[in-house]
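Protein chains in written order, with our numbering: chain H, 1 to 325; chain V, 1 to 258.
There could be a bad hint or two in this list.
[To be verified] Computed from the model, here is a short list of chain H residues facing chain V with C-beta under 8 Å:
| # | residue |
| --- | --- |
| 1 | A183 |
| 2 | A186 |
| 3 | A189 |
| 4 | Q198 |
| 5 | L200 |
| 6 | V202 |
Calculated from the structure, these hints are not laboratory results.
Note that the Cβ used here is the ideal one computed from N, Cα and C, for glycine as well.
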Amino acid sequence: MSALHRLRGFLALAVVVALLPVLFPDNYFVTVVGVTIGFNVMLAVALNLFIGFAGQISLGHAAFFGMGAYASAILTTRYGWSPWPAMGVGLVIVYVVALLISRPILKLKGHYLAMATLGFGIIVNIIMVEAVDWTGGPDGMSGIPGLELFGWAVDSDLRWYAVMAVVMLATVLLSLNIIDSRAGRALRAVHGSEVAAQTLGVDTARVKSQVFVLSACLASLAGSLFAHQQNFISPVSFNFFFSIEVVTMVVLGGLASTYGAVFGAIVLTLLPQVLVVFEDYEVLILGAILMSIMIFLPQGLFVGLVRGSTGLLRRLRPAAVATGD
Amino acid sequence: MALLEVRELGKAFGGVAAIADLSFAVPEGSIYAVIGPNGAGKTTLFNMLSGVYVPSDGAIEFDGTSLAGLEPHQVATRGISRTFQNLQIFFNMSVLENVMVGCHQRARSGLYRAALRLPGVVREEQQIRAWAIEALEFCGLAHLAERPADALPYGELKRVEIARALAADPRLLLMDEPAAGLNDTETAELRELIRRIGARGVTVLLVEHNMGLVMQVSDTVLVLDYGSKLAEGTTTEIQNDPRVIAAYLGGEVQYAVQ
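Start from the sequences, fold in the hints, and give me the full structure.
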């Protein structure tokens with residue numbers, strides 16, 4: 001399989017991401033919501049490696065997102081560090097914490113793993129609220145500096161769009177590379193049958209721990225960027241509800257599909273923005289849409305739509321359509 | 001020389017002995033069958049040999065070194081592969097990918113190298129793919145390589161498990177009831193496949209209920225009853241052993257062999 005064939009979906013995505021700000025340079029949904037979508041895609045794709053492909057569950061991923069954000073915020077505002085080393089330190093902290101908790105936590109399965117990660121997320125969030133001297137408590141932290149890349153200040157919506165587009169596409173590429181490799185197959189094997197994977201030489205405990213840590217590190221990077229982009233953070237952005245929201249993005253788009261996670265993140269970020277026109281009924285309609293998707297497309301929006309459309313094409317032109325992936 | 005040696009092996013589940021004081025040796029290059037009624041402890045034995053269960057007593061030696069304290073994935077690295085009585089297929093992958101997982105321990109590149117897709121990773125991927133296709137061809141499954149595993153019928157999935165285990169390039173292959181659920185044609189094909197695996201130099205340890213198959217392919221047969229050795233010998237010796245006939249075979253075996 002040639003690289004071009006393997007990455008045709010990625011290239012299509014990259015073209016769309018690059019064209020949007022050219023076609024709609026002043027559109028609020030592109031340059032403002034688009035940046036938020038960038039963060040969410042990063043988080044959803046990273047989490048999908050852990051829950052979609054490896055078949056595990058984490059209800060505490062917002063904690064890693066928040067740890068990255070707070071590390072950057074604290075080091076830059078309180079200690080005057082420049083953003084890049086601060087981001088690096090955040091990454092190292094998250095790497096160590098994720099590695100330490102991964103071995104004991106990942107011995108658990110199913111509901112118990114959900115409870116453990118949920119507990120972890122809540123504890124981290126409580127620290128953000130209570131450690132007022134460091135984090136500013138519930139009021140959060142303001143005055144976080146923006147980013148600068150070799151003298152190029154990331155100081156406009158459009159520039160942030162560019163930065164997030166690159167980082168987001170890099171995350172997607174990373175995920176695609178992993179899935180289509182020895183390590184990625186080991187991940188999916190853990191999901192398919194853990195005992196069979198073990199008897200084929202896969203160290204399943206190590207595989208799960210590695211992907212958990214990688215997923216946490218990507219969330220931490222997203223968090224650091226988020227802090228610099230918003231210039232202000234507070235614990236509300238990293239609470240239990242946000243963890244659930246990221247899980248919802250992954251499930252909504254379609255588990256075990258990188259593009260599904262991308263799609264889920266886009267839909268779940270855009271929908272509330274679009275539904276604002278319904279005012280008081282906004283949340284109600286959002287809930288109804290999510291429920292209907294799960295009832296009628298249980299394999300996820302993206303996966304379901306792709307299968308549905310290839311099935312339809314096949315019926316229309318039985319011989320001409322090759323099997324999709 | 002014995003490739004696998006089991007000495008005074010025992011496994012108890014809360015006071016109930018599933019296997020007790022079991023000793024036997026599997027010579028390198030042979031096809032060795034373990035038979036016995038349901039509940040005789042055959043699958044428990046397999047789970048201990050592949051490291052899934054920890055023995056309560058005794059020792060397992062593979063190629064002269066003890067397997068005590070090894071995790072299943074470490075046992076696999078020593079050169080022991082297995083198939084499962086109840087299918088353990090990765091239904092979330094294609095047939096080829098299933099078998100490619102079988103090559104896991106023959107390759108090296110990890111998560112981070114794969115994420116960056118360094119040049120070495122791409123070369124290794126091609127090698128893994130070649131190994132997997134070779135295993136699929138050996139089992140007559142090459143034409144199904146790109147199919148999703150969940151689209152295959154049961155009989156073919158059983159062969160996918162064998163191909164996956166062979167892709168690991170094992171020295172010892174443990175087959176847990178490979179003929180269960182197969183029809184006569186498929187069983188005949190399986191018989192040929194087991195013979196070809198043996199001819200390839202892979203030692204086979206077979207647990208099976210289909211007496212016709214066992215008697216046709218095996219060099220040595222071990223009969224288990226209530227977790228202990230009832231008899232061990234060549235197929236002829238076993239078929240004529242009065243204890244075996246009384247406990248297990250009855251008149252069935254003569255019929256099955258004819």
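Legend entry - Hint check against the structure, violated hint numbers in rising order: Violated hints: none; all satisfied.
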